[in-house]
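Peer 1: Chain by chain, the residues run as shown.
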Amino acid sequence: NAGVTQTPKFQVLKTGQSMTLQCAQDMNHEYMSWYRQDPGMGLRLIHYSVGAGITDQGEVPNGYNVSRSTTEDFPLRLLSAAPSQTSVYFCASSWSSGVYTDTQYFGPGTRLTVL
Amino acid sequence: DQQVKQNSPSLSVQEGRISILNCDYTNSMFDYFLWYKKYPAEGPTFLISISSIKDKNEDGRFTVFLNKSAKHLSLHIVPSQPGDSAVYFCAASDASKTSYDKVIFGPGTSLSVIP
Numbered sequence: 001n002a003g004v005t006q007t008p009k010f011q012v013l014k015t016g017q018s019m020t021l022q023c024a025q026d027m028n029h030e031y032m033s034w035y036r037q038d039p040g041m042g043l044r045l046i047h048y049s050v051g052a053g054i055t056d057q058g059e060v061p062n063g064y065n066v067s068r069s070t071t072e073d074f075p076l077r078l079l080s081a082a083p084s085q086t087s088v089y090f091c092a093s094s095w096s097s098g099v100y101t102d103t104q105y106f107g108p109g110t111r112l113t114v115l
Numbered sequence: 001d002q003q004v005k006q007n008s009p010s011l012s013v014q015e016g017r018i019s020i021l022n023c024d025y026t027n028s029m030f031d032y033f034l035w036y037k038k039y040p041a042e043g044p045t046f047l048i049s050i051s052s053i054k055d056k057n058e059d060g061r062f063t064v065f066l067n068k069s070a071k072h073l074s075l076h077i078v079p080s081q082p083g084d085s086a087v088y089f090c091a092a093s094d095a096s097k098t099s100y101d102k103v104i105f106g107p108g109t110s111l112s113v114i115p
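Protein chains in written order, with our numbering: chain A, 1 to 115; chain B, 1 to 115.
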């Protein structure tokens, strides 16, 4: 049971390049989400999904796209990278979105630098 | 304006002593609070939570205290061990929006336990 896996661990992009951050979980969780962590700030929600085929925006969705074609995978796409997107990105999953009932599990993170 | 504040970016404690990590919040609708622990190069992991119907919750060496009137909570670690050295995030959930997409995270406190 690998839990939540993320690839790559590190990535350097030039401004304007696009890329996809991969996230997969093997726990059959319905709820998955993407966060970014910046110095001096808490984790901020980018996008989330309550199940395959369903996605929604979080607090900071601009510049990012997501899709959820399977229960296991939830990739995050940067359409045209900007230096403001330099951050550490975490994917998370849980059985449901219920805070009272289910624990949220996080992946190890992807450290992205945009030059 | 940050709704969840952790005003101490860092804290150093001697091994065996008590570590006290503080968290303040501004939204009186928050009714459920979570603490996460994060080691370098890993994702956050859930540590302990507390509902607003309680003023204390204990799990082994970790105890969280909630003071609703002061909108303040604290995480106590007794005794502190070197393996507790990590970043600790406080997070809060609104009573009317009990899903992970509505959880607000604080900026974190980096704890160093000195052997």
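It should be emphasised that the hints constitute simulated quantities derived from the structure, not laboratory data. Check each hint, because a few of them may be wrong.
[What the hints assert, rightly or not] In the DSSO-like style, the derived pairs of lysine-lysine whose C-alpha atoms are separated by at most 30 Å in a straight line are:
{"no.": "1", "chain 1": "B", "residue 1": "97", "chain 2": "B", "residue 2": "71"}
{"no.": "2", "chain 1": "B", "residue 1": "37", "chain 2": "A", "residue 2": "9"}
{"no.": "3", "chain 1": "B", "residue 1": "71", "chain 2": "B", "residue 2": "54"}
{"no.": "4", "chain 1": "B", "residue 1": "54", "chain 2": "B", "residue 2": "97"}
{"no.": "5", "chain 1": "B", "residue 1": "56", "chain 2": "B", "residue 2": "37"}
{"no.": "6", "chain 1": "A", "residue 1": "9", "chain 2": "B", "residue 2": "5"}
{"no.": "7", "chain 1": "B", "residue 1": "56", "chain 2": "A", "residue 2": "9"}
{"no.": "8", "chain 1": "B", "residue 1": "54", "chain 2": "B", "residue 2": "68"}
{"no.": "9", "chain 1": "B", "residue 1": "56", "chain 2": "B", "residue 2": "68"}
These numbers were taken from a predicted model, which means no experiment stands behind them.
Peer 1: So which of those numbered hints doesn't the model satisfy?
Peer 2: Those not satisfied come down to hint 7.
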